[in-house]
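Going down the list, the protein sequences come from chains A and B. Heads up: the first sequence begins at 1 in this note's numbering, then just goes up one per residue. Heads up: the second sequence begins at 1 in this note's numbering, then just goes up one per residue.
Source of the hints: derived by calculation from the structure; they are not laboratory data. Please note that the accuracy of each hint is not assured.
Heads up, the list lumps identical chains together, so a pair's fine if it works in one copy or across two of them.
[As the list claims (entries may be wrong)] In silico EDC-like links for lysine to aspartate or glutamate, alpha-carbon gap of 20 Å or less: (1) K224 / E180; (2) K185 / D225; (3) K241 / D110; (4) K183 / E46; (5) K252 / D113; (6) K190 / D34; (7) K253 / D69; (8) K23 / D38; (9) K183 / D220; (10) K30 / E17; (11) K106 / E202; (12) K106 / D69; (13) K241 / D257; (14) K190 / E101; (15) K238 / D257; (16) K252 / D212; (17) K106 / D245; (18) K106 / D212; (19) K241 / E197; (20) K190 / E46.
The structure displayed is predicted, hence computed values, not measured ones.
There are 2 protein chains.
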Amino acid sequence: MPDAPEQRDRHQTVTSETIEVLKNRRSIRKYADDPVTDAMVEVILEAAFRAPTSSNLQAYSVIQVRDPDTRAKLAAVGGNQQHIIDCPLFLAFCADLTRIEAAFQKNGHDLSDNNMELGLVATIDAALVGMSTYLAADSLGIRGVMIGAMRNDPEAVAEILGLPDRVYVVFGMCLGYPAEAPKQKPRMPKSGMIHHERYDLEAALAAMAAYDPDLRAHYDAIGKDTTDDSWSHDVHAKFSKRPRDHLRAALKKRGFDFT
Amino acid sequence: MPDAPEQRDRHQTVTSETIEVLKNRRSIRKYADDPVTDAMVEVILEAAFRAPTSSNLQAYSVIQVRDPDTRAKLAAVGGNQQHIIDCPLFLAFCADLTRIEAAFQKNGHDLSDNNMELGLVATIDAALVGMSTYLAADSLGIRGVMIGAMRNDPEAVAEILGLPDRVYVVFGMCLGYPAEAPKQKPRMPKSGMIHHERYDLEAALAAMAAYDPDLRAHYDAIGKDTTDDSWSHDVHAKFSKRPRDHLRAALKKRGFDFT
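Given the sequences, and given the hints that come with them, work out the whole structure.
As structure tokens, this is what we get:
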């Protein structure tokens with residue numbers, strides 16, 4: 001039996017602008033001089049703020065940073081990534097319990113000893129808004145890179161940006177019109193990333209084994225230092241050093257207990 | 001001085017499909033019978049897997065669930081949300097350290113006592129892919145709702161989906177073609193969510209004060225129970241009960257130490 005016309009259309013429409021934006025996405029660290037205006041930022045963020053938010057908490061906020069001195073200080077925290085200084089627009093995506101604590105205070109309580117769920121909800125909220133911002137920007141030709149290195153030193157970042165208690169920067173984002181066109185890095189084969197009904201451990205590990213030579217070939221193609229010899233090597237080399245090992249203590253000082 | 005033609009264009013192009021998808025987004029919990037095929041899911045997820053991932057960790061995986069028995073069990077964990085059973089497609093977005101641990105094991109180590117950073121990176125990775133999935137689906141007319149309630153009982157969810165150690169479901173997602181058109185909930189005024197150069201606490205709190213009556217008016221308009229009398233009331237009422245207070249212990253059992 002042939003599909004109803006409406007359904008046939010749906011099967012034929014297997015792409016969209018959003019899907020193309022995703023498929024062509026790559027991190028951009030060099031930018032044209034063209035400015036990203038405040039008006040553009042408002043359009044982008046107003047759309048991004050429609051991202052889902054658990055229990056309507058809206059436990060996020062965004063700080064737009066243009067001042068060169070502030071940028072230089074943030075770059076120093078972020079391992080001296082030059083694009084933090086150079087990008088036309090820098091945004092800091094914050095997990096933000098400020099308004100939630102104010103709601104508690106209105107009712108005679110505070111957020112002392114807040115739990116893992118509240119910490120994760122705020123972190124996820126910021127991530128959802130950040131991802132939405134990134135895609136909304138890209139759909140207008142504005143590209144960039146997320147900066148996890150804001151977690152290198154949450155207390156220093158808080159000082160630089162004047163964050164109140166119960167706010168931390170989950171990640172930053174450099175944005176601008178691209179002035180480079182880097183080769184897209186391969187991803188793990190989806191056969192090991194998409195599971196059906198139950199998790200398939202064998203498929204997950206096979207994907208990793210298949211990916212190691214893929215990534216090495218990519219690094220060879222772009223002339224990257226051969227110490228980056230595969231995914232599994234890189235991951236062990238980097239994370240066996242326990243990067244950001246003080247993060248739990250730093251976030252606790254920021255008012256996120258994660259208990 | 002007039003703008004260069006290219007720049008003028010940029011200023012005029014202040015919308016896009018992606019931005020319209022976001023601006024029109026609302027959570028959908030009732031679906032038409034039309035199926036979301038495996039082929040569609042692959043297109044959507046393959047695009048979503050291009051989301052940024054910190055240090056190329058790709059610390060996520062997705063489980064596609066169609067089996068009615070599995071759905072019923074997940075719905076029971078998720079506070080009996082009927083749409084978990086009814087939706088054409090259910091996806092579970094996992095934070096996944098499996099491959100990272102395998103990389104460590106290849107090099108003579110394991111992930112025992114893994115830290116806050118690794119737990120957050122995997123959680124954020126899953127959130128970025130989940131948000132990208134949600135928007136890619138919506139751009140094809142497929143809408144739904146994120147299900148944070150998978151965190152109600154991470155161990156039960158792990159049992160149902162056969163998750164190995166070091167994997168937990170950050171959130172689920174119900175998807176399908178919409179059979180309802182709910183009114184869009186208002187958001188906090190952006191004047192208190194977007195800060196310039198430094199965090200403005202006064203603006204953040206003013207936004208909350210302005211939002212309370214907005215949300216009440218929305219609840220009145222949709223005929224929602226008047227016990228939901230404002231954002232600050234709701235937030236205190238719900239979170240003063242410390243929902244998911246066992247999450248830290250449950251995630252530790254799943255192999256996420258958050259130390």
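Hint by hint, here is what the structure shows:
Taking the shortest Cα distances, K224 and E180 sit within 20 Å of each other inside one copy (17 Å), while across copies they are farther apart (51 Å). In this assembly of identical chains, K185 and D225 lie within 20 Å of each other by CA distance solely inside one copy; the values are 15 Å within and 50 Å between copies. When the C-alpha separation of K241 and D110 is checked against a cutoff of 20 Å, the pair qualifies only between copies, where the shortest distance is 13 Å, while the shortest distance within a copy is 37 Å. Proximity of K183 and E46 under a CA criterion of 20 Å is satisfied inter-copy only: 18 Å between copies versus 31 Å inside one chain copy.
Taking the shortest alpha-carbon separations for K252 and D113, both the intra-copy value of 9 Å and the inter-copy value of 18 Å come in at or below 20 Å. In the homo-oligomer, the alpha carbons of K190 and D34 never lie at most 20 Å apart, since the shortest distance is 37 Å inside one protomer and 25 Å across protomers. Taking identical chains as interchangeable, the C-alpha atoms of K253 and D69 are never at most 20 Å apart, the minima being 25 Å within one chain and 45 Å between chains. Taking CA atoms no more than 20 Å apart as the test, K23 paired with D38 passes between copies only; the shortest distance there is 18 Å, against 27 Å inside one copy.
Proximity of K183 and D220 under a CA criterion of 20 Å is satisfied intra-copy only: 12 Å inside one chain copy versus 52 Å between copies. In this assembly of identical chains, K30 and E17 lie within 20 Å of each other by CA distance neither inside one copy nor across copies; the values are 24 Å within and 26 Å between. In this homomeric assembly, K106 and E202 come within 20 Å of each other (Cα to Cα) only across copies, at 16 Å, whereas the closest approach inside a single copy is 52 Å. Taking CA atoms no more than 20 Å apart as the test, K106 paired with D69 passes in neither setting, with 37 Å inside one copy and 44 Å between copies.
In this assembly of identical chains, the alpha carbons of K241 and D257 lie at most 20 Å apart only when taken from different copies (16 Å versus 24 Å within one copy). Taking the shortest alpha-carbon separations for K190 and E101, only the inter-copy value of 19 Å comes in at or below 20 Å, while the best intra-copy value is 41 Å. Taking the shortest alpha-carbon separations for K238 and D257, only the inter-copy value of 18 Å comes in at or below 20 Å, while the best intra-copy value is 26 Å. Within a single copy, K252 and D212 get their C-alpha atoms no closer than 37 Å, and across copies no closer than 29 Å, so neither meets the 20 Å cut-off.
Taking the closest pair of Cα atoms, K106 and D245 never come within 20 Å of each other, the shortest separation being 36 Å inside a single copy and 22 Å across copies. Proximity of K106 to D212 under the C-alpha cut-off of 20 Å is restricted to the inter-copy arrangement: shortest distance 12 Å between copies versus 54 Å within a copy. Taking the shortest Cα distances, K241 and E197 never come within 20 Å of each other, neither inside one copy (36 Å) nor across copies (33 Å). For a Cα distance limit of 20 Å, the shortest separation of K190 from E46 across copies, 7 Å, qualifies, whereas the shortest one inside one copy, 33 Å, does not.
The structure fails to meet hints 6, 7, 10, 12, 16, 17 and 19 from the earlier list, while all remaining hints are met.
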